[in-house]
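Novice: Listed below are the residues making up each chain.
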Amino acid sequence: MTTYYTKSHEWVRLDGEEATVGITAHASEELGELVFVEAKDEGTDVAAGDAAAVVESVKAASDIYAPVTGVLSGFNTKLSDEPTLVGNDPEGEGWIFKMKVSNPDDVISLLTAEQYKSL
Amino acid sequence: MTDSLQRTPLHALNLEFGAKMVPFAGYEMPLQYPAGLMAEHLHTRSKAGLFDVSHMGQIRIAARSGDVRDAALALESLIPADYAGLAKGRQRYGFLTNDAAGILDDLMVANMGDDLFVVVNASCKEQDAALIEAALSDRCVVTRQFDRALMALQGPQAQDAIAPLCPAAADMRFMDVIETELAGVPVTLSRSGYTGEDGYEIGCAAADAETVARALLAQPQVLPIGLGARDSLRLEAGLCLYGNDIDTTTTPIEASLAWAIQKARREGGSREGGYPGAEIVLRQAREGVSRKRVGLMAEGRAPVRAGAKLFADAEGQKEIGLVTSGAFGPTVQAPVAMGYVATDYADKDTALFAELRGKFVPVHVRAMPFVAPGFKR
Chain A
1 MTTYYTKSHE WVRLDGEEAT VGITAHASEE LGELVFVEAK DEGTDVAAGD
51 AAAVVESVKA ASDIYAPVTG VLSGFNTKLS DEPTLVGNDP EGEGWIFKMK
101 VSNPDDVISL LTAEQYKSL
Chain B
1 MTDSLQRTPL HALNLEFGAK MVPFAGYEMP LQYPAGLMAE HLHTRSKAGL
51 FDVSHMGQIR IAARSGDVRD AALALESLIP ADYAGLAKGR QRYGFLTNDA
101 AGILDDLMVA NMGDDLFVVV NASCKEQDAA LIEAALSDRC VVTRQFDRAL
151 MALQGPQAQD AIAPLCPAAA DMRFMDVIET ELAGVPVTLS RSGYTGEDGY
201 EIGCAAADAE TVARALLAQP QVLPIGLGAR DSLRLEAGLC LYGNDIDTTT
251 TPIEASLAWA IQKARREGGS REGGYPGAEI VLRQAREGVS RKRVGLMAEG
301 RAPVRAGAKL FADAEGQKEI GLVTSGAFGP TVQAPVAMGY VATDYADKDT
351 ALFAELRGKF VPVHVRAMPF VAPGFKR
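First to last, the sequence lines map onto chains A and B.
Under the numbering used here, think of the first position of the first sequence as 1, with each following residue one higher.
Under the numbering used here, think of the first position of the second sequence as 1, with each following residue one higher.
Excised from the complex, chain B in its bound form (with noise of 0.2 Å):
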């Protein structure tokens, strides 16, 4: 591998647990561990996975006046969420916009009572910090905190396996978020994750990392799992892939996401619009989208992947609509993909076809997520 690609604070034990490392958004990764892609997935979803996902962006953001409000406010001029109604110690998604509408990066923003605590993808978090830097530098204090570790349990056992280390993380609730330790090391504790299954995310210093993964991969229930299976895990749960899913061509309303704008930055809301692109994403969840991000489900066993066109019709004749993520579903048994098809055919259950090595193969609009969550409400 190349001497450019950067490495993880968990690089070395990812090679003593056999990883299989591949380059992704610049840094060697674990694409998987001797158990396989498929052993992995299915046990993330019965026990519990830990993953590698230092290479995505922790940023820290304060306000200058002290009021943790503020930096909120300030961050929902550059994002459609309502963060400044968030409640301390709670985490909600949402997604950077520009001026077209366009989704620019997806991410998590904490409050942690404070300072906001966001994490950002791998591939946007430069760009997303420069941007964040100068439209908020007036009004806040932006740390990057891009040498730290973040990790991932996930699955329905991961509360049985961190909570001996880590005794507060039994009484979390999903989207809660805490500084506290595990391992006897300070970690800053989300309950959430990219699997649709119940677990936490870890942020630590990456002095620590290594202490933290060791004790977590210590417990009974917990295998290391790349980043294979997270992509087939996240695909089942219905979430999107920032570059596959949403990008700076598809809208917030074009891609089904609008559940992440609450009330408040709504039409009528409070704090309505405000933010990159509003005018676009205001207008078309009054009037509509020619298109929408659908979860599709194949006939048969053959997986329909990312760049498959879609048509209405068994011949190829009218092409409605494309294929932006498709996997087969390991939990599922069955392919699983999502796209985004033209608005009339975007209705649950309406019968389109794939074309996949030139044949036209029967897909059905599905709803999403095609595994029941197992969240900690």
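Extracted from the complex, chain A is given alone in its bound form (with noise of 0.2 Å):
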């Protein structure tokens, strides 16, 4: 499965309908230890760039963007109770939400990791 990323750090994976969002190991570093991860609920429409989730570091409150558009379909419910799983692994066992993407061809618009990578 191809992995994409978007220039606000975040990191996309896409399986038939439902992609898996997670953020970057460059963007984990930036934030630090996280203290509390949150997404929004289960079914909730988000448009591509709209809020998705939270994450919060013991000093600051991050957003986390909808990289596609879509319905938000499941959160790693894992990070409730360890939030510096995201840290630990930010692009495999911390990943944060996934989602029912309308248009799976959306994706293709995003970085690649090469491109990501040069930012």
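No lab work stands behind these hints, which were simulated from the structure alone.
Certain hints may be false.
What the hints assert, rightly or not - Keeping only pairs whose Cα atoms sit at most 30 Å apart, straight-line, the calculated DSS-like set for lysine-lysine is:
| hint | chain 1 | residue 1 | chain 2 | residue 2 |
| --- | --- | --- | --- | --- |
| 1 | A | Lys7 | A | Lys117 |
| 2 | B | Lys359 | A | Lys98 |
| 3 | B | Lys20 | A | Lys7 |
| 4 | A | Lys78 | B | Lys359 |
Stated by the list, open to error - To give a feel for the contact side, a few chain A residues facing chain B, derived at Cβ under 7 Å:
| hint | residue |
| --- | --- |
| 5 | Met1 |
| 6 | Glu33 |
| 7 | Val35 |
| 8 | Phe36 |
| 9 | Glu56 |
| 10 | Lys59 |
| 11 | Gly74 |
Predicted, not measured: the structure shown is a model, and the values here were computed from it.
Every residue gets a Cβ at the ideal spot worked out from N, C-alpha and C, and that includes glycine.
Since each chain sits alone in its own frame, please combine them into the complex, following the hints.
Specialist: Shown next as structure tokens:
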């Protein structure tokens, strides 16, 4: 599965119509250790660029944006008790939410790993 | 970073230790070091941390009469604290007030025997110095020492770290201040700080700052700590941040700082009032206030931060206050905050609700500090 990236430091991996979204290792490093992660309720409609989740460090809260348009379909509930999972494995176990995307082709307009790295 | 930002005497050392620098109060300051905010906070609570706080303002006030008591009495015309009664070698918290009893800045004043040693907030230092000069110059010589360095060494192992470099430090009690030498360098040393832990603040000439900092950082207990952890440490300790928790719109009584107005300056005291806004402060102390600063703890893990509105009910119908500082407390391992609430809701354990991203989160009024103080009395 190809992973795509956004300029706002999310990654997204598409499996059919379902996308898994998290924050990049770079973003995680910038934010520092997380103390709280929360996504909007399942079933919430989000447009590309809408805040879909929030991650909080000791000092600040940061919105996590939906990379593409769709409907939220799941939250990584492990993060409720263990928000540090994001920092430990940002692009794996530390995924944040899942969404049903309206148009799977939308991800093609996002950044490739190469493009994100060169930001 | 823009050229207009000033740098502290420890700028090069901060960079050498990998600090992430941010603009703060006109200075380029270390937000955090590679250990990160959480680790720095916990290190300070368990061992010892060294903070560069050279952006803060150091001011000396000497009486033209030569008697330090005259300088203390003069300063009491601006501050509601008892400084004439402050013994030589002792330090005391206070705040400058305006005619409306608003707080212009909070500060520390020490009686050094020959003069007063004052430490003020970075963002207020020019204004504070100008105010003190204007009010006191006929009776006092006011000297700005804004080029000097200031460091804080904080944590339960601070004494172990400093004593090999400065034996006199071990004999000091909380709020003692002495002129001494550290690593062969003359320093103004106080046993105080802004973390709720035991520790010291160390003032020295800019040229000596690196010598002092390197000697302390070479001690096995000590790590450099940034402003990020300084903020979460002071919040857990229940200490006000000027500009957030107190400012010109808050009075000392509203801010629950009546403890910093000693008996001599209160109603019926030997030097009652006599500072800007005294009538208002005295009246509020007598009759009460409509809102008070309180400690707050939220349920769950989501931090309730500055700016969050507080409500009496879970539906957000009855607004009764505002959060002025809030974060996740790394030592408490829970969200901690402080803010102002209507006095009817200020009692300990009162259940309130904070607005957080459109939801209303249960919070309770709690006693501060949120962590047990580690001061050496």
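Novice: Indicate, hint by hint, whether the structure satisfies it.
Specialist: To see whether the hints hold, each was checked on the structure:
1. The suggested pairing of A/Lys7 with A/Lys117 holds, with an alpha-carbon distance near 10 Å, which does not exceed 30 Å.
2. Proximity of B/Lys359 to A/Lys98 is assessed by CA-CA distance (about 22 Å); at most 30 Å being required, the pair is judged to hold.
3. As the CA atoms of B/Lys20 and A/Lys7 are separated by approximately 22 Å, the hinted pair is consistent with the 30 Å bound.
4. Distance restraint check for A/Lys78 and B/Lys359: the Cα-Cα separation of roughly 22 Å lies within the 30 Å cut-off, and the hinted pair is therefore satisfied.
5. A least Cβ separation of about 31 Å between A/Met1 and chain B goes past the 7 Å threshold, and the interface hint is therefore violated.
6. The criterion of a C-beta within 7 Å of any C-beta in chain B is met by A/Glu33, whose closest approach is roughly 4 Å, and the hint holds.
7. Below 7 Å, beta-carbon pairs count as interface contacts, and A/Val35 has one with chain B at about 4 Å; its hint therefore holds.
8. Proximity of A/Phe36 to chain B holds as hinted, the smallest CB-CB distance being about 5 Å (cut-off 7 Å).
9. The closest approach between the C-beta of A/Glu56 and any C-beta of chain B is roughly 5 Å, which is under the 7 Å cut-off, so the hint is satisfied.
10. For the restraint placing A/Lys59 at the interface with chain B, the shortest Cβ-Cβ distance is roughly 5 Å, inside the 7 Å limit, so the hint holds.
11. Evaluation of the A/Gly74 hint against chain B yields a violated restraint, the C-beta minimum of about 19 Å exceeding 7 Å.
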